[in-house]
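Please arrange chain B on chain A, whose structure you already have, making use of the hints.
So the chains spell out like this:
Number of protein chains: 2
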Amino acid sequence: MENFTFHNPTRIHFGRGQIAQLSSELSADSRILLLAGGGSIRTNGVYSQVKASLGAHPTFELWGVEANPDYDTLMKAVDLCRRERVNLILAVGGGSVLDGAKFVAAAVPFKGEPWDILAKNAPVESALPIGAVLTLPATGSEANGAAVISRRAIGEKLAFLSPHIFPRFSIIDPETTFSLPARQVGNGIGDAFTHVMEQYLTYPVNAEVQDRFAESILRILVEVGPKTLATPTDYDLRANLCWAATWALNTAIGMGVPQDWASHVIGHEITALHGMDHARTLAIVLPSLMNVQQQAKRQKILQYGARVWGITEGSEQARVDATIAKTRGFYESIGLKTRLSDYGIDVAVAANVANRLAARGVTKIGERGDITPETVEKILRQAA
Amino acid sequence: MENFTFHNPTRIHFGRGQIAQLSSELSADSRILLLAGGGSIRTNGVYSQVKASLGAHPTFELWGVEANPDYDTLMKAVDLCRRERVNLILAVGGGSVLDGAKFVAAAVPFKGEPWDILAKNAPVESALPIGAVLTLPATGSEANGAAVISRRAIGEKLAFLSPHIFPRFSIIDPETTFSLPARQVGNGIGDAFTHVMEQYLTYPVNAEVQDRFAESILRILVEVGPKTLATPTDYDLRANLCWAATWALNTAIGMGVPQDWASHVIGHEITALHGMDHARTLAIVLPSLMNVQQQAKRQKILQYGARVWGITEGSEQARVDATIAKTRGFYESIGLKTRLSDYGIDVAVAANVANRLAARGVTKIGERGDITPETVEKILRQAA
Numbered sequence: 001m002e003n004f005t006f007h008n009p010t011r012i013h014f015g016r017g018q019i020a021q022l023s024s025e026l027s028a029d030s031r032i033l034l035l036a037g038g039g040s041i042r043t044n045g046v047y048s049q050v051k052a053s054l055g056a057h058p059t060f061e062l063w064g065v066e067a068n069p070d071y072d073t074l075m076k077a078v079d080l081c082r083r084e085r086v087n088l089i090l091a092v093g094g095g096s097v098l099d100g101a102k103f104v105a106a107a108v109p110f111k112g113e114p115w116d117i118l119a120k121n122a123p124v125e126s127a128l129p130i131g132a133v134l135t136l137p138a139t140g141s142e143a144n145g146a147a148v149i150s151r152r153a154i155g156e157k158l159a160f161l162s163p164h165i166f167p168r169f170s171i172i173d174p175e176t177t178f179s180l181p182a183r184q185v186g187n188g189i190g191d192a193f194t195h196v197m198e199q200y201l202t203y204p205v206n207a208e209v210q211d212r213f214a215e216s217i218l219r220i221l222v223e224v225g226p227k228t229l230a231t232p233t234d235y236d237l238r239a240n241l242c243w244a245a246t247w248a249l250n251t252a253i254g255m256g257v258p259q260d261w262a263s264h265v266i267g268h269e270i271t272a273l274h275g276m277d278h279a280r281t282l283a284i285v286l287p288s289l290m291n292v293q294q295q296a297k298r299q300k301i302l303q304y305g306a307r308v309w310g311i312t313e314g315s316e317q318a319r320v321d322a323t324i325a326k327t328r329g330f331y332e333s334i335g336l337k338t339r340l341s342d343y344g345i346d347v348a349v350a351a352n353v354a355n356r357l358a359a360r361g362v363t364k365i366g367e368r369g370d371i372t373p374e375t376v377e378k379i380l381r382q383a384a
Numbered sequence: 001m002e003n004f005t006f007h008n009p010t011r012i013h014f015g016r017g018q019i020a021q022l023s024s025e026l027s028a029d030s031r032i033l034l035l036a037g038g039g040s041i042r043t044n045g046v047y048s049q050v051k052a053s054l055g056a057h058p059t060f061e062l063w064g065v066e067a068n069p070d071y072d073t074l075m076k077a078v079d080l081c082r083r084e085r086v087n088l089i090l091a092v093g094g095g096s097v098l099d100g101a102k103f104v105a106a107a108v109p110f111k112g113e114p115w116d117i118l119a120k121n122a123p124v125e126s127a128l129p130i131g132a133v134l135t136l137p138a139t140g141s142e143a144n145g146a147a148v149i150s151r152r153a154i155g156e157k158l159a160f161l162s163p164h165i166f167p168r169f170s171i172i173d174p175e176t177t178f179s180l181p182a183r184q185v186g187n188g189i190g191d192a193f194t195h196v197m198e199q200y201l202t203y204p205v206n207a208e209v210q211d212r213f214a215e216s217i218l219r220i221l222v223e224v225g226p227k228t229l230a231t232p233t234d235y236d237l238r239a240n241l242c243w244a245a246t247w248a249l250n251t252a253i254g255m256g257v258p259q260d261w262a263s264h265v266i267g268h269e270i271t272a273l274h275g276m277d278h279a280r281t282l283a284i285v286l287p288s289l290m291n292v293q294q295q296a297k298r299q300k301i302l303q304y305g306a307r308v309w310g311i312t313e314g315s316e317q318a319r320v321d322a323t324i325a326k327t328r329g330f331y332e333s334i335g336l337k338t339r340l341s342d343y344g345i346d347v348a349v350a351a352n353v354a355n356r357l358a359a360r361g362v363t364k365i366g367e368r369g370d371i372t373p374e375t376v377e378k379i380l381r382q383a384a
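If you read the sequences in order, they're chains A and B.
Residue numbers for the first sequence follow the working numbering, so the first one is 1 and each next one is one higher.
Residue numbers for the second sequence follow the working numbering, so the first one is 1 and each next one is one higher.
This is chain A alone, in the form it adopts within the complex (with noise of 0.2 Å):
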């Protein structure tokens, strides 16, 4: 195991009715940003819920956050935190609404020009308090230090960290979550299952609190995703997806470990080339990806076979491809398509992706360093 240091101080309500939690957050002064992304809110009482428990203090609203937040959006934001003395973020909706609240949170104190936080790593030395009203489990965002920022007028996606911007607080009521579109609820299981996989998919250093609660992420995914499709409005299977997603990228598994991120590099470079949904592309690309580095993996995956999937028999080449084929067979049992071909994209993406990265330098990505451009490209022919 290696070293690390972990700190996780999100408080978080979860369950049945817990919005009205959110007035024992307030204190007297607060004066609230609520930011939001459609209207969905609106339509399935999280909205109503919300004001209830806001009551008489003074809140502004800023509507209209996009599934990948954007830059100039969310500087509209920014200006009105500044006009009216904001002095708490409170985003409502899911993991792109949060990630916008916490762009929003680091930008309005900071000096300078807020794009720098992104695209020269400026260092981050405050933000407002940021609360959240989780309504889409996903991305982990409720309860990790990340976010991910776009800006369309100039073809920009960028990350930043900061321990200032883990949410104060963050409420997950999972009753919220029972009208989303399947699409949406199985991209966020998608996209929680390939967050472990990329902390945990990669060579061993002996964490076991790490592999094993990794792989019971996983396990609680695999069993309860498709499950949860098949019948939304089954509480236990609800919450268990929701504090699984929640806990699939809280840094807790990923604390000591050596981590990957070589499928959301080449994921995203697919949604900025074709608009693909996120959790799609991770879903072309991981299976492949694990085929195509499956030496450098081999160790995990034959420990993720064993343990997530059952896989002991035949020799280590069969379950190695049997692996890969339950994990290809996962996505596919929630709603996402693992070839380009099924989206009807055509294998020269391989290339774009592959000269993309290159030209901006991105040359060794993965847990070792080793994939390259080359590899790149081969892994997405592969995913044809």
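One or more hints might be untrue.
[As the list claims (entries may be wrong)] Restraint-style ranges between C-beta atoms, simulated for each label pair:
#1 B/Ser179 to A/Ala384: 50 to 60 Å
#2 A/Leu161 to B/Asn355: 56 to 66 Å
#3 A/Phe60 to B/Ser179: 51 to 61 Å
#4 B/Ser24 to A/Arg356: 37 to 47 Å
#5 A/Trp261 to B/Ser179: 32 to 42 Å
#6 A/Ser48 to B/Glu313: 51 to 61 Å
#7 A/Ser333 to B/Ala384: 44 to 54 Å
#8 B/Trp261 to A/Ser333: 32 to 42 Å
#9 A/Lys120 to B/Arg368: 34 to 44 Å
#10 B/Glu313 to A/Ser333: 25 to 35 Å
#11 A/Glu313 to B/Ala359: 38 to 48 Å
#12 B/Glu313 to A/Arg360: 52 to 62 Å
Hints listed in this document are in silico derivations from the structure and should not be mistaken for laboratory results.
No residue lacks a Cβ here, since even glycine has one placed at the ideal position from N, Cα and C.
Showing chain B alone in chain A's frame:
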């Protein structure tokens, strides 16, 4: 799954040489009380590492915190803190020193008689910040908001809980535990194992993350426990033990699930009567409690047997019996005998403990409140 609020704000520096991180946790005006037990930290190098990290910060020391920390000792520390305007309590040692530090931290700013915090559940509205350098993996006190304090002068042993006493930071360097006596290591493993069982072996509420994380910790303790006793200087084994022991009682696996704690209640009485090590009392009580309570706990015993011990064959009763036998065998494998007679204690203790609990009105314990003094007597008779 039941509703819950989860919040664990402790920052943990984990790994080789991490005591050096202590200096990063101090501010220019830090005035420190170093709280310690016996002299082992002088011989194993921990004290000199701590002193080097504290540098020139004003540091006051109070040594001699007992196993089962004593109120009268701790009140000397409270006086010292008030006199010297200490603003950080630094526990250097195991769970007893940590629990003592938590009481001191709460007592210093407390208005009124500090004993009321324990005896009358007087509300703790603030506490001095607490830091810890942990030298014994066992209690989880390095990452929770609970403490147990004894007052030998009047024969009391009482607990208190507060969100204000979670350590601000804890440092865990597995190498500093290599020199611990086998008896203390075995006790620590048994203590951590039982902490998990108290939160897990109740009745099912479909809390899959909590269940699978609990089973993960149990499996790790089963695998790592005997090995780390046999090869105490193997870093990865010891690191996995340390990290598993923290997760055994950092509140994560206890969220949204019923909890038992009857083995602890009963065990505390045996310690009070016979001065037996805490972990040994748990090793005596838990296997017998599982047997007596096997109807109420049946579903979870079968789940635990299958997932932790791989017991899936035979009749339900055969699997329950085999699972209890495996649990007993585990305690024995780490050096904890599981019968009263192994420690020369007469079966008369069964009625004594039952009477003591009845006299204090402790008549309904366990996750269903169905363990009466009569049941306690039966449990201890079967543990003869």
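Status of each hint after checking the structure:
no.	hint	result
1	B/Ser179 to A/Ala384: 50 to 60 Å	58 Å, holds
2	A/Leu161 to B/Asn355: 56 to 66 Å	59 Å, holds
3	A/Phe60 to B/Ser179: 51 to 61 Å	59 Å, holds
4	B/Ser24 to A/Arg356: 37 to 47 Å	39 Å, holds
5	A/Trp261 to B/Ser179: 32 to 42 Å	39 Å, holds
6	A/Ser48 to B/Glu313: 51 to 61 Å	54 Å, holds
7	A/Ser333 to B/Ala384: 44 to 54 Å	53 Å, holds
8	B/Trp261 to A/Ser333: 32 to 42 Å	40 Å, holds
9	A/Lys120 to B/Arg368: 34 to 44 Å	59 Å, violated
10	B/Glu313 to A/Ser333: 25 to 35 Å	29 Å, holds
11	A/Glu313 to B/Ala359: 38 to 48 Å	59 Å, violated
12	B/Glu313 to A/Arg360: 52 to 62 Å	56 Å, holds
The structure shown violates the earlier hints numbered 9 and 11.
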